[in-house]
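Participant: Let the sequences and hints guide you as you build the complete structure.
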Amino acid sequence: MILNNLYLIARIADTRVALRSAIIESVVTVGDIVAVPGAPPHVAGLFALRSRVLTLIDPHIVLGISPTVVTPGQRVIVVEIGGHGYALLADRIEDVCFIDGGENAVRGRLAEGWTELADSVIEHEGATLLVLDPARLVTLPMQQRAA
Amino acid sequence: MDELLGDFLGETGEMLAEIAGAIVAWEANPADQDRLDAIFRFVHTVKGSSGFLTLPRVTALAHAAEDALDMVRRGQRSADRALVSGVLAIIDRLADLTESIGAAGSEAAGNDDDVISALHAAASATSVPAASAPQSHEDVASDAALNDAMASWRSIRVPLPLLDSVMTGITDMVLARNEFARMLRAHVRDAHVTAAFDRLSESVATMRQSVSQMRMQRVERLFAPLPRIVRDIAGELGKQAQLITAGGEVELDREMIENIRDPLTHIIRNAIDHGLESPEARGAAGKAAVGTIAITARQSGNRIDIMISDDGRGIDVDRVVAKAVAAGILSAAEAAQLSAKEQLALIFTPGLSTAARVSNLSGRGVGMDVVKSNIERIGGLVDIDNRPGAGMTITLRVPMTLTIISGLMVSAGGQQFAIPRGVVREILLEDSDAVRIERVGGGDYATVRGERLAMIRLEQALGLPQADDSADRALILVRLGESRCYALNVAAVHDHEELVIKPAAPAILASGFYAGTTLPDSGRPVLLLDTASLPQILGIDVDVAGTGMGQAAAAVASAAPADQLLLFRDTGGLARAVPLAAIDRLDDIPASCLFVSAGGIFARIDDTIMPVFAAELPRTEGRIKMLRIADGELVVCYPVEAVLDIVRRPASMRPASEPGLVIGTMLIGDEPVELIDCFWLMAQTDGGQITASLTRPLCRVIGGSGGWARSFLAPMLEVAGYRVAVGPAAPGEEAGDLLMSCDSDDEVPGAAVPVLRLRSTVAVHGANDDSIYRYDRVGLLAALAANRRGRG
Numbered sequence: 000m001i002l003n004n005l006y007l008i009a010r011i012a013d014t015r016v017a018l019r020s021a022i023i024e025s026v027v028t029v030g031d032i033v034a035v036p037g038a039p040p041h042v043a044g045l046f047a048l049r050s051r052v053l054t055l056i057d058p059h060i061v062l063g064i065s066p067t068v069v070t071p072g073q074r075v076i077v078v079e080i081g082g083h084g085y086a087l088l089a090d091r092i093e094d095v096c097f098i099d100g101g102e103n104a105v106r107g108r109l110a111e112g113w114t115e116l117a118d119s120v121i122e123h124e125g126a127t128l129l130v131l132d133p134a135r136l137v138t139l140p141m142q143q144r145a146a
Numbered sequence: 000m001d002e003l004l005g006d007f008l009g010e011t012g013e014m015l016a017e018i019a020g021a022i023v024a025w026e027a028n029p030a031d032q033d034r035l036d037a038i039f040r041f042v043h044t045v046k047g048s049s050g051f052l053t054l055p056r057v058t059a060l061a062h063a064a065e066d067a068l069d070m071v072r073r074g075q076r077s078a079d080r081a082l083v084s085g086v087l088a089i090i091d092r093l094a095d096l097t098e099s100i101g102a103a104g105s106e107a108a109g110n111d112d113d114v115i116s117a118l119h120a121a122a123s124a125t126s127v128p129a130a131s132a133p134q135s136h137e138d139v140a141s142d143a144a145l146n147d148a149m150a151s152w153r154s155i156r157v158p159l160p161l162l163d164s165v166m167t168g169i170t171d172m173v174l175a176r177n178e179f180a181r182m183l184r185a186h187v188r189d190a191h192v193t194a195a196f197d198r199l200s201e202s203v204a205t206m207r208q209s210v211s212q213m214r215m216q217r218v219e220r221l222f223a224p225l226p227r228i229v230r231d232i233a234g235e236l237g238k239q240a241q242l243i244t245a246g247g248e249v250e251l252d253r254e255m256i257e258n259i260r261d262p263l264t265h266i267i268r269n270a271i272d273h274g275l276e277s278p279e280a281r282g283a284a285g286k287a288a289v290g291t292i293a294i295t296a297r298q299s300g301n302r303i304d305i306m307i308s309d310d311g312r313g314i315d316v317d318r319v320v321a322k323a324v325a326a327g328i329l330s331a332a333e334a335a336q337l338s339a340k341e342q343l344a345l346i347f348t349p350g351l352s353t354a355a356r357v358s359n360l361s362g363r364g365v366g367m368d369v370v371k372s373n374i375e376r377i378g379g380l381v382d383i384d385n386r387p388g389a390g391m392t393i394t395l396r397v398p399m400t401l402t403i404i405s406g407l408m409v410s411a412g413g414q415q416f417a418i419p420r421g422v423v424r425e426i427l428l429e430d431s432d433a434v435r436i437e438r439v440g441g442g443d444y445a446t447v448r449g450e451r452l453a454m455i456r457l458e459q460a461l462g463l464p465q466a467d468d469s470a471d472r473a474l475i476l477v478r479l480g481e482s483r484c485y486a487l488n489v490a491a492v493h494d495h496e497e498l499v500i501k502p503a504a505p506a507i508l509a510s511g512f513y514a515g516t517t518l519p520d521s522g523r524p525v526l527l528l529d530t531a532s533l534p535q536i537l538g539i540d541v542d543v544a545g546t547g548m549g550q551a552a553a554a555v556a557s558a559a560p561a562d563q564l565l566l567f568r569d570t571g572g573l574a575r576a577v578p579l580a581a582i583d584r585l586d587d588i589p590a591s592c593l594f595v596s597a598g599g600i601f602a603r604i605d606d607t608i609m610p611v612f613a614a615e616l617p618r619t620e621g622r623i624k625m626l627r628i629a630d631g632e633l634v635v636c637y638p639v640e641a642v643l644d645i646v647r648r649p650a651s652m653r654p655a656s657e658p659g660l661v662i663g664t665m666l667i668g669d670e671p672v673e674l675i676d677c678f679w680l681m682a683q684t685d686g687g688q689i690t691a692s693l694t695r696p697l698c699r700v701i702g703g704s705g706g707w708a709r710s711f712l713a714p715m716l717e718v719a720g721y722r723v724a725v726g727p728a729a730p731g732e733e734a735g736d737l738l739m740s741c742d743s744d745d746e747v748p749g750a751a752v753p754v755l756r757l758r759s760t761v762a763v764h765g766a767n768d769d770s771i772y773r774y775d776r777v778g779l780l781a782a783l784a785a786n787r788r789g790r791g
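Residue numbers (numbering that gives the first Met the number 0), protein chains in the order written: chain V, 0 to 146; chain W, 0 to 791.
If you're looking for bench data, these hints aren't it; they were derived computationally from the structure. Hints may contain errors.
As the list claims (entries may be wrong) - Restricting the straight-line Cα-Cα distance to at most 20 Å, the calculated cross-link-like pairs of lysine to any residue (SDA-like) are:
{"no.": "1", "chain 1": "W", "residue 1": "501", "chain 2": "V", "residue 2": "37"}
{"no.": "2", "chain 1": "W", "residue 1": "501", "chain 2": "V", "residue 2": "84"}
{"no.": "3", "chain 1": "W", "residue 1": "340", "chain 2": "W", "residue 2": "324"}
{"no.": "4", "chain 1": "W", "residue 1": "624", "chain 2": "W", "residue 2": "420"}
{"no.": "5", "chain 1": "W", "residue 1": "340", "chain 2": "W", "residue 2": "389"}
{"no.": "6", "chain 1": "W", "residue 1": "501", "chain 2": "V", "residue 2": "33"}
{"no.": "7", "chain 1": "W", "residue 1": "340", "chain 2": "W", "residue 2": "384"}
{"no.": "8", "chain 1": "W", "residue 1": "501", "chain 2": "V", "residue 2": "48"}
{"no.": "9", "chain 1": "W", "residue 1": "501", "chain 2": "V", "residue 2": "79"}
{"no.": "10", "chain 1": "W", "residue 1": "624", "chain 2": "W", "residue 2": "399"}
{"no.": "11", "chain 1": "W", "residue 1": "322", "chain 2": "W", "residue 2": "333"}
{"no.": "12", "chain 1": "W", "residue 1": "46", "chain 2": "W", "residue 2": "5"}
{"no.": "13", "chain 1": "W", "residue 1": "501", "chain 2": "V", "residue 2": "31"}
{"no.": "14", "chain 1": "W", "residue 1": "286", "chain 2": "W", "residue 2": "272"}
{"no.": "15", "chain 1": "W", "residue 1": "501", "chain 2": "V", "residue 2": "82"}
{"no.": "16", "chain 1": "W", "residue 1": "624", "chain 2": "W", "residue 2": "570"}
{"no.": "17", "chain 1": "W", "residue 1": "501", "chain 2": "W", "residue 2": "511"}
Facilitator: This is the structure we're talking about:
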């Protein structure tokens, strides 16, 4: 596919990551957030994007660190997984760009939390970015719950 | 896949479903020319379109069936069991083939000689000589007529995702409209802009309704394959059964139809397998050898009832109890404590099969518990009416649609949640006299009029902080089935709203608290509570039967609806109430469905005409809401502006002084509310009386002071059965049936109608004075009565 090497570069938990763009729909401003009491902690709430209700996911919780502070007007990454719309919180969303170099397997040890989320890195403008599949942020906590 | 091929498969699939019923009906009555023609048209159409698409096997199969059926149509062959089975085998093969074409994209190689030659063999054994053909060629429908009939099969095929995207588009429009409306209210004072916006707003609302109707399908679709299923099961079990269906025109969301299909099939299997006796046993019991399975669909409010009745042996409750005890589900002592209804409800217990032997049809581990949980999952209820020895009726009550439900908005911990209106039995204020709340051994209980129910505090269940402002706290009695009910304690109950429900993300569903999400008109997402799983997660037993007071509770539950009132605002803006039990349903129909006939107003709803209690046609072009008040035989429609609430009937009422539409006035909250006298309403309607009452004679009061006539005289005249107009008739106005002159000396102009003169003094003005003293009630009423008799 032609978009295979298109990535969205964001900063999550003080780490620059390159998110694979295949399931990313858009980047939008987060709306009024409604809490979901009783839901797993990585579900940060719901908000409406036109007639859709998106489930807000906090990657910080998936990584096992304290929750992301959500500010009004913050931008989030909208993805669709299994017919449901999700929005991923990020500290900052930098850019969308084509990266040609190709992904390389992670050598050495990643910090706790990241090991299960990422398995490769990519070189971009002289920096090494961790490659992340955005779907993992949604599916991993569910797998861990099931286990 | 080729688009043409896709269309062919879709169309064939639909026709197959419709034709299955026709075949069985035709087998039962081979003389039924309509059914025969319908089946013939199907194979003829399949043959024609498959020829185009080079599907040789399909063409050959259809051709063989067409030939055989054509011979029957021409009377050259009789429609016996062998022929029907042959045609059925071909149609089954066609169904298999089209399915595999759908999966593979092309026709697999294969041989269909077995089914085709079976049909031919059936023919050679049974063909009747052409000479004795009972029908001439003229009896066979001409090709032109056949083509006309085929055109009626056609409809536009729209892919479901497109339908869903139209639905999403409309929801977007509604939300944008609401936002726009808020802005307009805040900033714009121009009446023209507001009026234009109102028009836009109304057309958006109309469109939203049309779109939800697009998703509706007739229940016939669910019924179509059943004759075939009944035939096959009965044949396999050596029983004889006939199927009767009614109410096929009732509409249901297509998703709902899919969800009911399996439970319905299962109940029918059970009815034939366990319910119906063998022909011999039926004969011995004095029943007809052929058992009857009757399926009826009926709309009541925004719910659909599907009733499945059989005239078999019913459920042997003692055996069910014995089985349950044997299976260790409960002890014999516990079983003895249960009411008859609770004992019957044991058939819904998992792991209980009452069949003496496990047959290959019913004994597949799919029991009534699965049926029940499947129906409850879609927000429905299952009720059983057992008539031992004479049969039983199972009623599936399901909401009309899964995607749009009527939801009740509640709040807890500063957040709003939605509850499906269908499960709400009653709403009470926590500080109401009828409610007593206690904490017993760590569990919360609410005792409502003697019925003790488990209580769940929503904040506590969801781990939310509970605020202290308990003034508005309310109890929602949630009904989960026959004898399962609990009280949900919430911070406040708000309005109800039609909600478009969307599935929630798996992570949210996994919590078990929620059934979906919705976006109400406010534009802020709201979670729909899963009222059935809430007590399960919290480990709270909500079985009313389990509290050992099932009998008393059942008595209260059955009495409850009679004590409930539906609060509404009538077209005059008055708050009024009517007993909930008297209401058959709420209709929302276009104003154009109302018409005047013989002086009365009537509404055309579906195919029936019903009287409407109104003095004049509503002055609106839009839609009107009407309560359908019914006593089982008579129906009268009562137009309302809005339905406000369902409330418990207050203990006291101030009766009205005269019999009439209003039987009395009650205080609900702090508002005076008039209670409609259904008895009076029906009496007006009975035998067309309503027409007469609406054309009550007009009494025109002239002379004197208009104020006195309006304030003092008119109410008395109205009680006496007159409509009252004050002042002389203007051109074009009704002249009136009686003139009442307040000035005894007045010359009454053009007195073509009877005249009554009133005088203001007690004393008469002379020998010829036939006037009546204006406060002589007895005299006045006597004169009025005489006038009415004269008219009659």
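Participant: Hint by hint, say whether it matches the structure.
Facilitator: These are the hints, each one checked on the structure:
As the CA atoms of residue 501 of chain W and residue 37 of chain V are separated by approximately 19 Å, the hinted pair is consistent with the 20 Å bound. Between residue 501 of chain W and residue 84 of chain V the alpha-carbon distance is near 11 Å, which keeps this suggested pair within the 20 Å criterion. For the suggested pair residue 340 of chain W and residue 324 of chain W, the alpha carbons sit about 17 Å apart, so the restraint of at most 20 Å is met. Straight-line distance between C-alpha atoms of residue 624 of chain W and residue 420 of chain W comes to about 19 Å, which keeps the hinted pair within the 20 Å bound.
Only pairs whose Cα atoms come within 20 Å are accepted, and residue 340 of chain W paired with residue 389 of chain W is accepted, the gap being roughly 17 Å. Restraint check for residue 501 of chain W and residue 33 of chain V: the C-alpha separation of about 16 Å stays at or below 20 Å, so the hint holds. Of the pairs offered as hints, the one joining residue 340 of chain W and residue 384 of chain W holds, with about 9 Å between alpha carbons and a cut-off of 20 Å not exceeded. Our distance criterion of 20 Å between C-alpha atoms is met by residue 501 of chain W and residue 48 of chain V, whose separation comes to about 14 Å.
Proximity of residue 501 of chain W to residue 79 of chain V is assessed by CA-CA distance (about 15 Å); at most 20 Å being required, the pair is judged to hold. Straight-line distance between C-alpha atoms of residue 624 of chain W and residue 399 of chain W comes to about 18 Å, which keeps the hinted pair within the 20 Å bound. Restraint check for residue 322 of chain W and residue 333 of chain W: the C-alpha separation of about 14 Å stays at or below 20 Å, so the hint holds. A hinted pair counts as satisfied when its Cα atoms are at most 20 Å apart, and residue 46 of chain W with residue 5 of chain W qualifies at roughly 16 Å.
Using a Cα cut-off of 20 Å, the hinted pair residue 501 of chain W and residue 31 of chain V holds, with the two alpha carbons roughly 18 Å apart. Taking the CA atoms of residue 286 of chain W and residue 272 of chain W, the gap is about 17 Å. The hint holds against a cut of 20 Å. This hinted pair checks out: residue 501 of chain W and residue 82 of chain V have alpha carbons roughly 11 Å apart, not beyond 20 Å. With a CA separation close to 10 Å, the supplied pair residue 624 of chain W and residue 570 of chain W stays within the 20 Å bound.
Only pairs whose Cα atoms come within 20 Å are accepted, and residue 501 of chain W paired with residue 511 of chain W is accepted, the gap being roughly 16 Å.
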